[in-house]
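From first to last, the protein sequence lines are chains A and B.
According to the working numbering, the first sequence is numbered sequentially starting from 18.
According to the working numbering, the second sequence is numbered sequentially starting from 112.
Because the hints were derived from the structure by calculation, they are not lab data.
Virtual Cβ for every residue (Gly too), placed ideally from N, Cα, C.
Do not take every clue at face value.
[Stated by the list, open to error] Chain B residues, not near chain A, derived (Cβ > 10 Å throughout):
# : residue
1 : Leu124
2 : Leu160
3 : Ala173
4 : Glu187
5 : Asn213
[To be verified] Sample of chain A residues facing chain B (criterion: CB under 7 Å; computed from the structure):
# : residue
6 : Ala39
7 : His375
8 : His392
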Amino acid sequence: MNAPTRTDLARGTGVDVDRIRADFPILARPTSAGKRLVFLDTAASAQKPRQVIEAEARVYETEYANIHRGVYELSQKATAAYDKARSKVRALLNAASDREIVFVRNGTEAINLVAASWGRKNLKEGDQVILSEMEHHANIVPWQMLRDAIGIELVVIPITDTGELAWEAYEQAFTARTRLVAMTHVSNALGTIVPIREVTRVAHEHGVPVLVDGCQAVPHMPVDVQEIDADFYVFSGHKIYGPTGVGALYARESILKDMPPYQGGGDMIASVTFARTTYADIPQRFEAGTPNIAGTIALGAAIDYVTGLDRQALLRHELALRDYATERLSEINAVRIYGTAPEKAGVISFTIEGVHPHDVGTILDFEGIAVRAGHHCTQPVMDRFGIPATTRASFGIYNDFDDVDDLIRGIARVQEIFA
Amino acid sequence: MSDLRELYQEVILDHGRKPRNFGPLPGANRDAHGHNPLCGDKLDVHLKLKDGIVEDVRFEGAGCAISVASASLMTEALKGHTEAEARALFEKFHTLVTGEENPTPETLDELEKLAVFSGVRDYPLRVKCATLSWHTMHAALDQNDEMVVTE
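Take these sequences, add in the hints, and give me the full structure.
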């Protein structure tokens, strides 16, 4: 086997990782045990570049006031910056219009919004929603709540041994009662990249709209909602190097304009009397109450940061890290990798024979290596493979090949302790 | 932070690999199921109590080295003790691993082998691993009080 060497892989990506790393202050801080921080948990939440941290501080220092209210200068500035962030999200996803972008707290809230608003209006007892076996709990539980409330049925498409969507089962799952497909773009537990363009094509042949959970896709690859023909697309800001507490829902305008409000309150109304309230137009109709103003503006800064880099090169870089880590992990007999789809993001779930993932996580932590250990909010995936948990290493734009080498050394230390 | 070897002491690794009193317990009259939703660890504790004495105790389940070793050492520690002593030991163990207060030399003496878990206090996220079996044992003691009433 002539696998590409570390040097070959690093050379091929064209990414100056050291320059990127310099933008992330937390990476320069040693851990409390005095080790170099090896952060391999970006799939859970990404670290933040200085540009984002400073953008959020700048809002509070220079242009903060509530939005859509005051006639004074500060409020106008904050409103303009907030609306500009919406345009940045639109551009990031290549949505047709800013009106199709709703700000929410995170991907979870976006899915809950669709389930509560679109779901309750358009679904009735016996209607079916298609999910995959590799959904995050955030794309399972809101639909289960709807099932328990109004009696819809959930149809779960299995995954294969490699962690791919069982394609024939998907194609055959459609019935006269199918009303929605809700599916992840990239699996957070296995890394599988779902052929989402094909998923929407098949669904649309049956006249069924598709909600795509893009939380693990948007931070790592260019996404074009028009090209993939998604009806709903959701993501969290904190995973794309932005702050926590802000995310976005994209919904096709023709669908969004017919959806009833999700929450009631200020900022989502046209007029209110005690007899009757009329609601604001989209997207404000779905943004009740004062939102995460500074966080949303800082999400705009995160989008500027990421799109200011060569995104194709960043993807090549993360995939090179994935390939190198997969190669090195495969050399260890006791390691088993879960999720081996050919189309896979920079996420590697694995187990070490005879050592529970929590023990792996604690020992790696002591070596300065942050990984996720557990079920990754995907218990059905764990059940599918008959394991309670895995250790997961996931890559971001700031990871380098040294991080992988440190991970491999850390695993050797785990095996030494558990020998 | 303490040295990793203080957490993963030889006794813990040994009991994690080869848990004692592992498996079902025919004739058990108190059982409880423990679950740590954070990590998915699940275990069952079976007790055979006679005249207020823990005559036998066994456990089943899967988990990390800390939780399996804790369950294993717990079963060894409880055998032959009264229910009241078992409850008292639960309190002492809990105090030891949560680090609420420094254990006195007397307490460490009473805990005997269980004192190897003192390193857990430096790893707050692992305290639940060490206490899962103890909470389950506690629930088993409580739970069957009700069953006794119905009989």
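Self-check item: Hint check, failures only
Solution: 1, 3 and 6
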